[in-house]
Amino acid sequence: MSIAKRIRELMSVEGCGVFPVEEVRSDKLLFELGFDSLRFMELVVLIEETFAIAFPDQLLEVGATTKVSDIVSAVEGCLKGC
Amino acid sequence: MISAWNIHSLLDQLSRHTGICILLPDEQPISYQRLYQEVVENRNALDLLNYAERADKQVLILDVSIGWRAIPVILAALEKRIIVIPVDSLHSPRQMAVITDSFPGEPVIGDGQIDQQGRLRPDQIQRKDIKYFHDMIDVAFILYTSGTTGRPKGVMLTHENIWSNVNAILHYFTPRQDDRVFVIRPLTTASAITGEVLPSLIQGASMYVKPVDQQPLRTASLMGELRGTILCTTPTVALHLASLARRKSNVQPRLLILSGEPLRQDVWKKIREAFEDAEIWNVYGLTEASPRISCCKQIDQAADVNCVGRPLVGVNVKVIDESGETVTDGHSGELVMAGPNVMKGYFNEPEWTALKLKDGWLHTGDRVTMRDGQIYVHGRMDHMIIRSGVNIDPYEVEASILQHPQVTEAMAFGVSDSDMRVRLHVWVVADVEPSDLHRFLIEQRIDSRLWPDVIERKERLPKTSSGKLVRNASNT
Chain P
4 MSIAKRIREL MSVEGCGVFP VEEVRSDKLL FELGFDSLRF MELVVLIEET FAIAFPDQLL
64 EVGATTKVSD IVSAVEGCLK GC
Chain G
42 MISAWNIHSL LDQLSRHTGI CILLPDEQPI SYQRLYQEVV ENRNALDLLN YAERADKQVL
102 ILDVSIGWRA IPVILAALEK RIIVIPVDSL HSPRQMAVIT DSFPGEPVIG DGQIDQQGRL
162 RPDQIQRKDI KYFHDMIDVA FILYTSGTTG RPKGVMLTHE NIWSNVNAIL HYFTPRQDDR
222 VFVIRPLTTA SAITGEVLPS LIQGASMYVK PVDQQPLRTA SLMGELRGTI LCTTPTVALH
282 LASLARRKSN VQPRLLILSG EPLRQDVWKK IREAFEDAEI WNVYGLTEAS PRISCCKQID
342 QAADVNCVGR PLVGVNVKVI DESGETVTDG HSGELVMAGP NVMKGYFNEP EWTALKLKDG
402 WLHTGDRVTM RDGQIYVHGR MDHMIIRSGV NIDPYEVEAS ILQHPQVTEA MAFGVSDSDM
462 RVRLHVWVVA DVEPSDLHRF LIEQRIDSRL WPDVIERKER LPKTSSGKLV RNASNT
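Line order of the protein sequences matches chains P and G.
Numbering of the first sequence is given in the numbering used here, commencing with residue 4 and proceeding in unit increments.
Numbering of the second sequence is given in the numbering used here, commencing with residue 42 and proceeding in unit increments.
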């Protein structure tokens, strides 16, 4: 399974999100998917456990414009750098 | 013996403190001397704005999304005896709208009205039809909490409430001048104001005040960079931070103060493992008690995680059964308390006040037992849901979701899950998919504290023969 697909699963109702995985598209904002600060904390922990990585510090500061694709790129970059 | 602090002695102390008051990442910190100057300037600005000191009280609606800059405004307002109403435009825009509607003509003092130094900008503040609140003598703050029918309740806390609680807190919590206190709860909460900011200012400690738009995990990372020594937060947030602390060796506070929700044994164990060098306290209170009621400084055995310690100085407590009779040690019942920290009442809600305050006793709604003078908290007597330390009235969630035209009935409740968290569930009778309802709440800008974790469609909701919802049936 691709990294992007796995992350979308984690962000869906199958992970710690509230929407079906088909609605977790890469152009969606985290806010649109119901990620407030607490749910985002859950996501970070889930991603760290799933991929055995340390989530990059600069991405701990998600903003109103952070998209699913930003999270995917960050994790991919992190895995390449490991 | 600790002297009795009030706003005047605090400001006097502020003028004499040296060192850093506010820590800022990537910026020069704010010294105590400078903070004191900002308070003096704000006092003058409030005079210019006709907030005259008088017994007929006036309100100042303060948007705390400005972060630490709210502090010099709060202190100046406390000295001028102006009632502060903190609001959070970022996380609770709906709640803010309800509050501002209650005070027509009063401006919201926020980013445009306060400069980067924390000084009020009188030229940017327009006050129309100044209203005086003659029945709010001595009120210092109105703090809003989750209320029924979508309407938040304004808890009126007097100056005596606040300062008696600060003085009682200082009997057990005395941050040092070399401490760096991380204030991550919003300044809309009594915990942050009375429990963290005011004691830290009195003691001359340094503080980092989390901007409201900053993610808690980023704050944790900053704890390492800024060498934070004291963190006050909820068990749920501490649990999340635990995973970060494990890989960042410099995120190691000397003291972790937990409050806001019952502490679970499995949660406590994880927190204990992650913050192995920290003292961990479990403190208890509620906004209506300004907020602090008790503190447990030794959670040595996992079996005692429900213990929140002995009542603070001046606080009387008892445990009562359904008929109002005091129960004996070891028996469970509702905690009621009396003392100088008990709120004046709810703003414009005499019926609610009468339900909560009876003969001077505040009915907390918390189910507890007492053993050897110590309080053990087990949960709620009512249907209030506590998710991550935030109290959520199920009626408020239901009112939000019932705004959708295709929802005919709704019932909200909390479920404690295997992931050591409380989830907000909602059962609905509706002609619409759950994902559409999640989207509706987000798009309608319903405050995120009311967003459900799980929405399920049902044919019908469980009811009594008289048609009343059976809430207990689902709350397991």
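These are computed hints drawn from the structure, not numbers from a lab.
Model, not experiment: these values are computed from the prediction.
Keep in mind that the hints are not guaranteed to be accurate.
Straight line, CA to CA, 20 Å or less: simulated DMTMM-like cross-link-like pairs of lysine to aspartate or glutamate [claimed, not checked]:
no., chain 1, residue 1, chain 2, residue 2
1, G, Lys310, G, Asp458
2, P, Lys83, P, Asp39
3, G, Lys311, G, Asp460
4, G, Lys98, G, Glu201
5, G, Lys311, P, Glu45
6, G, Lys310, G, Glu363
7, G, Lys121, G, Asp88
8, G, Lys338, G, Glu390
9, G, Lys499, G, Asp460
10, G, Lys359, G, Glu375
11, G, Lys98, G, Asp219
12, G, Lys251, P, Glu64
13, P, Lys83, P, Glu17
14, G, Lys311, P, Glu79
15, G, Lys399, G, Glu363
16, P, Lys31, P, Glu45
17, P, Lys83, P, Glu45
18, P, Lys70, G, Glu363
19, P, Lys70, G, Asp458
20, G, Lys98, G, Asp142
21, G, Lys359, G, Glu392
22, G, Lys172, G, Asp142
23, G, Lys251, P, Glu26
24, P, Lys31, G, Asp176
25, P, Lys31, P, Glu52
26, G, Lys310, P, Glu52
27, G, Lys121, G, Asp67
28, G, Lys310, P, Glu17
29, G, Lys311, P, Glu51
30, G, Lys397, G, Glu450
31, G, Lys251, G, Asp129
32, G, Lys338, G, Glu363
33, P, Lys31, G, Glu375
34, G, Lys251, P, Glu51
35, G, Lys399, G, Glu450
36, P, Lys8, P, Glu35
Numbers of the earlier hints that this structure fails to satisfy, in rising order | Those not satisfied are hints 2, 6, 8, 9, 11, 13, 14, 17, 18, 19, 21, 23, 24, 25, 27, 28, 30, 32, 33, 34 and 35.
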